[in-house]
Amino acid sequence: MTPQLILFIVLAALSVVGALSLILQKHPIHSALSLIVVMVALAGLYLLMGAEFVAAVQIIVYGGAIMVLFVFVIMLLNAGAEEYTNFSKLAGFAGVPLGIALTGFIAAAIARSAGTAQVSGSAAVLAPTRTISEMIFKDFVYPFELTSFLILVAIMGAIVLAAHKEE
Amino acid sequence: MVPVNYYVILSAVLFGLGVIAFVVKRNIISIFMSIELMLNAVNLAFVAFSQGMGKLDGQVFVLFVIVVAAAEAAVGLGIIILIARNRQSLNVERVDLLKL
Amino acid sequence: MTFLNAHAELLITLVKIALLLFIVLTVNAYLTWFERKVVARMQSRWGPHRVGPYGLLQPAADGLKFLFKEDPTPEGVDRVVYYLAPLLALALALTSLAVIPFGPEPLRFFGHDIYLSITPPDLNIGLLVLFAITALSVYGVALAGWSSNSKYPLLGGLRSSAQMVSYELALTLSVVGVLLMANSFNLKDIIVAQAQHPERGIFGWNIWPQIIGFLCFFTAAVAETNRVPFDLPEAESELVAGFHTEYASFKFAMFFIAEYTSMITVSCLCTIMFFGGWLSPFPASWTFTHYLPSAILIPFGLWLIWAGIRYETIFGRIILPGLGTVIALLGLTLAVFPGVNSFIQAPFWFLAKVFVFLFVYVWMRGTLPRFRYDQLMSFGWKVLLPVSIVNVVITSFIILLRSGWK
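Line order of the protein sequences matches chains A, B and C.
Using our numbering, the first residue of the first sequence is number 1, and each one after it goes up by one.
Using our numbering, the first residue of the second sequence is number 1, and each one after it goes up by one.
Using our numbering, the first residue of the third sequence is number 1, and each one after it goes up by one.
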């Protein structure tokens, strides 16, 4: 029972509890808060693995910008608690077993493959920011420019959608 | 030392929970959040494999996934605001006509 | 004893956390005293001077008031979120102090090295952790405004969090110039990069090449912490409402402490990144300046003894000379023991610079009027963000020129 294994179990349990809470909560703001907990737990897992830059970016961008957008929209639209209709109960009956079956299938396929039984989480595998940035700006510079163009398109789309139409 | 398999199984479990949330929830915003949960699960698998193999390509791809998720969230939430304004409800079962 | 030796690092970290929490909360309390005194003097009035000698017990009285005041919970609030918001704000503000290094050399204590920061000094992403915490602290404000189940706190909370998100971009971009010069996110490396020419003293600090970056950073940081002149979303509480209207005694105190702690964090960040952190402003060859802490503390202690003996109340006549004696003896110890003196140089300069920044914060509070909300938002997006980007471009251009277009 190394400290890393204990930390992994704690963070993994936290993320699973957060995901379950996302499903079981009735009010969307509580679901949003549970999703934030999942993201922070995942950032902790990235730190445990040694991917420190990705952990920081996850918290800054996902937890600090995207989820803030979700929380803003929930507040502005005054979303109330959910109502469960007949169709959602049917979806629950059919969907939950299928979802569990899908998860079980994927997990069993992974656990059976002995090829990827390498260890992760040692401090020697620390991912330096310098190497990641060299890769982004040298090998992957074309996708990087494309994502900046994608963000520009998204900004224009959001502005067009939010513009008030003059009747 | 935690084996890579543990992280990937956790990623599969989170993905399954995201699928279940997508199917069960009736609020549009909650369904959108379940999509973000699925994307996060996939990110975890990417980073786990990247650290397991010692190459950093997985982490660079995770950065791109995060950027695309941000763009998608911005536009998707804009559309959701318009739908809520037009239909006065956030229940996804009320958005069942092709013409609003 | 072997138990202590085996778990030494854990115990040392726990003791450091407890000590830092105690020191920061005390500094917060006396920062409120300092603010009220300085703003009052700027407005030609006394400030607190009745509760204890020179008003020094005013923070204690305020703390007692916060503890004993009634703490009602309004009807119809979302209980979980209502209790979570101030907790989140306070926890995040206090956590950001964990990565700040107060000095370069460790204390040697029974064979263990105790570094003057809670996280180990080789944390490669120190600055990114601070930005992550700044990004998360938007939630404290937004959730507080929303969960209060009332129109004005909701609007105040939304405005305030929109302001914080807008200025976050300018905040992170204005720091990129410093990062390019230091080649690392580690806060200690940033200070070491400014110490490359120790004979330059004050002229080797980052403020001279990065003056635009510093102005952008300081403005954006003041907007992030919701202080004057950017505090319209919360100063509405002086008129109508703000995001912490429905919060009563102790929860309001938590927001209050969170705001002052983030002020302290921003001051520490400014000194680390632009003003040389723990480096002395004098050139390294002037070793007689090592006696400056003693030269300040001993006369101040003696003056306190002299003023205390002539104070009006009996309580003051006992406490103030006692305080003065302690300070004078501290200065004397520093002058006599050179080992302690050389160790105390770095934290002394760090704390002195942080104190100067806190004074500038309080000075702005007493002097400047506040921005209107639309002026605030247009300033953040139309002026500050382009200026930070221009700063990044100019800095990278000059660094490329210096290294000869390699």
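Worth flagging that the hints you see were computed from the coordinates, not collected in a lab.
Honestly, I wouldn't trust all of these hints.
The calculated BS3-like cross-link candidates involving lysine-lysine, where the alpha carbons are at most 25 Å apart (straight line), are [as the list claims (entries may be wrong)]:
hint: 1; chain 1: C; residue 1: Lys37; chain 2: C; residue 2: Lys65
hint: 2; chain 1: A; residue 1: Lys26; chain 2: C; residue 2: Lys151
hint: 3; chain 1: B; residue 1: Lys55; chain 2: A; residue 2: Lys89
hint: 4; chain 1: A; residue 1: Lys138; chain 2: A; residue 2: Lys89
Covered stretches of chain A, as calculated for chain C (at least 3 residues, CB under 8 Å) [what the hints assert, rightly or not]:
hint: 5; region: 19 to 30
hint: 6; region: 69 to 81
Idealized CB from N, CA, C, for every residue including glycine.
> What are the numbers of the hints that this structure violates, sorted from low to high?
Replying inline: Hints 3, 4 contradicted; others consistent.
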